[in-house]
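Just need the whole structure built from these sequences, with the hints factored in.
Protein sequence lines correspond, in order, to chains P and S. First residue of the first sequence? That's 1 in UniProt numbering, and the numbers climb one at a time after it. First residue of the second sequence? That's 1 in UniProt numbering, and the numbers climb one at a time after it.
Any given hint might turn out to be false.
[What the hints assert, rightly or not] Here are some chain P residues pointing at chain S (derived, C-beta under 10 Å):
| no. | residue |
| --- | --- |
| 1 | Thr235 |
| 2 | Val236 |
| 3 | Arg237 |
| 4 | Gly240 |
| 5 | Thr256 |
| 6 | Pro258 |
Calculated directly from the structure, the hints in this document are not laboratory data. Keep in mind that this is a model prediction, so the values were computed, not measured. Glycine included, every Cβ here is placed at the ideal spot set by N, Cα and C.
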Amino acid sequence: MFAYVMRRLLMLIPVLFGMTLITFSIVHLIPGNPAKVILGEGAPAQAIADLEERMGLNEPLYVQYGNYIMGLLQGDLGTSLKSKGEIAQEIWPHLAATMELTFFAMLFAVIIGVNAGIISAWKQNSWFDFLAMVFALIGVSMPVFWLALMEQWIFAQELGWLPAYGRQDSRDPIAEITGFYVLDSLIHLDFERTITILKHLVLPSIALGTIPMAIIARMTRSSMLEVMKSDYIRTVRAKGGGQFLVIYKHALKNATIPVLTVIGLQTGVLLGGAILTETIFSWPGIGRYVYEAISFRDYPVIQSGILVIAFMFVIINLIVDILYKKIDPRIKY
Amino acid sequence: MAETVLELKDLSTHFFTDSGEIPAVDKVNLQIHKGEVVGVVGESGCGKSVTSLSIMRLIPSPPGKIVGGEINFKGEDLTKASEKRMKKIRGKEISMIFQEPMTSLNPLFTIGNQMSEAFRLHQKISKKEALQRSIDMLKQVGIPRAESIVHEYPHQLSGGMRQRVMIAMAMSGDPEILIADEPTTALDVTIQAQILDLMRKLNKEKNTAILLITHDLGVVAEICDRVVVMYSGQVVEEGSTREILKDPKHPYTQGLIKSLPKLREKQQRLYSIPGTVPKPKLGRVGCRFAKRCEFAFDRCFQADPELISLGNNRKSRCFLYEEKESGVESDVNSTIRS
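Put into structure tokens, the structure is as follows:
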């Protein structure tokens with residue numbers, strides 16, 4: 001297992017290299033001069049040329065790419081054109097915000113989705129199965145922004161149960177340690193704050209988790225139904241095993257692999273930042289960070305943002321692959 | 001004769017499909033005595049597997065359902081037993097092994113895990129003890145290095161080994177009856193012989209009755225005491241293995257035996273019964289085999305033949321024997337011999 005993980009980590013190197021090449025090319029092939037953007041439309045040509053030189057934009061592309069890679073290897077993602085700050089430092093809080101939200105959204109999606117799928121498969125064609133699958137269909141097809149607005153209207157505006165915006169009470173910000181606020185508040189042993197922060201997470205997590213939940217529920221159900229037809233399930237029954245043993249031990253483990261694939265993919269998608277959800281809930285995540293950089297043509301930020309998101313995707317895939325192997329002893333690489 | 005442990009009385013299992021009700025098992029009668037090996041023979045689709053799954057009450061439902069008859073197991077009618085009661089019987093009193101050893105074990109759990117589970121479902125013992133008993137059981141069915149096999153996964157074992165594991169698992173509860181549904185069909189001939197030897201050994205040592213479902217008369221000749229021949233959901237012939245192989249009464253059985261390749265005789269082409277097995281259908285009148293039968297006469301198409309007792313525990317579902325006095329039988333026999 002250890003050797004396998006090490007091998008997979010080594011295989012990441014060419015993947016990451018390819019990713020840098022792609023992000024670099026995308027940004028540099030897009031028309032629009034960053035120096036012009038910074039200085040404004042009416043800037044004199046001389047000033048633009050000076051700035052280009054300072055930023056290294058007049059160098060040939062391969063030199064620029066070389067500098068970029070050298071920087072990356074030292075953990076330097078470059079400097080934001082807009083804020084003039086170090087991107088490596090700026091990006092973390094956004095990434096942490098997105099990761100925290102993704103975690104809770106997926107937690108919601110997996111717990112509800114997997115269980116709904118299991119029960120639907122168990123009681124196939126029952127009213128529960130029917131209702132669950134109708135809800136799953138609605139869940140998949142519902143626009144996220146609409147669900148988010150409805151949540152805010154009902155639970156924040158009308159009922160006043162939950163906060164509608166932000167990660168925390170903005171009048172009393174937390175002293176950040178890791179950037180994950182739930183974790184930070186626990187480290188501070190400030191449990192009241194933990195509750196507040198969790199309350200802030202509820203609505204965006206549900207909004208973001210609904211589509212993955214629906215997909216997971218449907219996948220779990222069909223995968224379970226498929227597995228329940230297998231010979232080894234009949235064997236379990238033939239030796240006197242009951243429905244619970246059949247479903248929760250034998251069928252579930254076999255049904256897990258396709259479900260795990262979907263969970264991995266959905267987590268990757270959410271980690272890419274959900275611009276709509278983050279905007280509606282004023283969530284300072286990576287999606288909004290990159291989106292704002294795009295509007296400003298802050299290309300070092302765009303480049304780094306895309307790279308970080310792609311990196312997260314690769315890591316999630318790696319974790320899923322390792323889990324496959326943990327579940328299924330037949331998998332060989 | 002030893003006491004009867006299992007008796008099927010007019011057992012009928014029907015499948016309710018979109019294209020109508022299918023009587024897959026149609027009023028089947030069958031007895032198994034203590035320690036006896038009974039073979040159920042027939043082509044695919046004749047209802048032999050459905051019969052065995054009905055006994056275990058493992059017919060997938062929907063679409064399948066036992067619609068009539070009794071399954072008397074040691075004085076208890078299993079068709080009326082609750083699911084809870086059946087869980088206690090399955091694996092403990094009546095066990096079953098299946099055709100496909102490759103897919104009959106869960107690929108994601110170790111052999112030891114799945115075997116221990118069989119022990120722990122019926123006995124209150126610790127995991128450690130269950131594993132130890134699993135190892136002992138595996139040794140009994142002739143699995144070498146059982147101590148390490150229990151930590152292996154099914155895909156690491158060959159088909160024959162897996163079938164041994166299945167048998168070990170089925171024998172874990174020391175059952176009264178072992179139902180073996182085509183246990184050797186998926187295996188190589190040499191492995192087949194080993195598995196049959198093993199089953200015979202267990203039958204002798206533990207006095208476990210075996211209900212062997214097969215389409216292979218060779219397998220029947222090898223280990224069965226008695227044979228029941230099924231055709232299109234019905235029992236068409238019954239008798240001791242020796243007599244049935246030597247002197248088959250029902251034209252279908254005769255055809256089956258004729259279609260066996262013979263070592264001593266040179267044959268250009270192997271005999272085969274013309275036509276195919278008709279799909280069981282409700283409301284069909286006449287002998288199911290009539291269309292393929294070379295002795296069929298008018299009556300065969302107009303009325304359902306009963307299972308007729310021919311003495312000496314032999315039965316046959318054929319009008320030819322009802323009219324024994326009229327001299328038809330001698331005609332039949334002379335036709336077959338020619």
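Status of each hint after checking the structure:
1. Thr235: Holds, because the Cβ-Cβ distance from threonine 235 (chain P) to chain S comes to roughly 5 Å (cut-off 10 Å).
2. Val236: 7 Å, holds
3. Arg237: Holds: closest Cβ of chain S sits about 6 Å from arginine 237 (chain P), inside 10 Å.
4. Gly240: The hint holds - glycine 240 (chain P) has a Cβ within 10 Å of chain S, the shortest such distance being about 4 Å.
5. Thr256: 9 Å, holds
6. Pro258: 14 Å, violated
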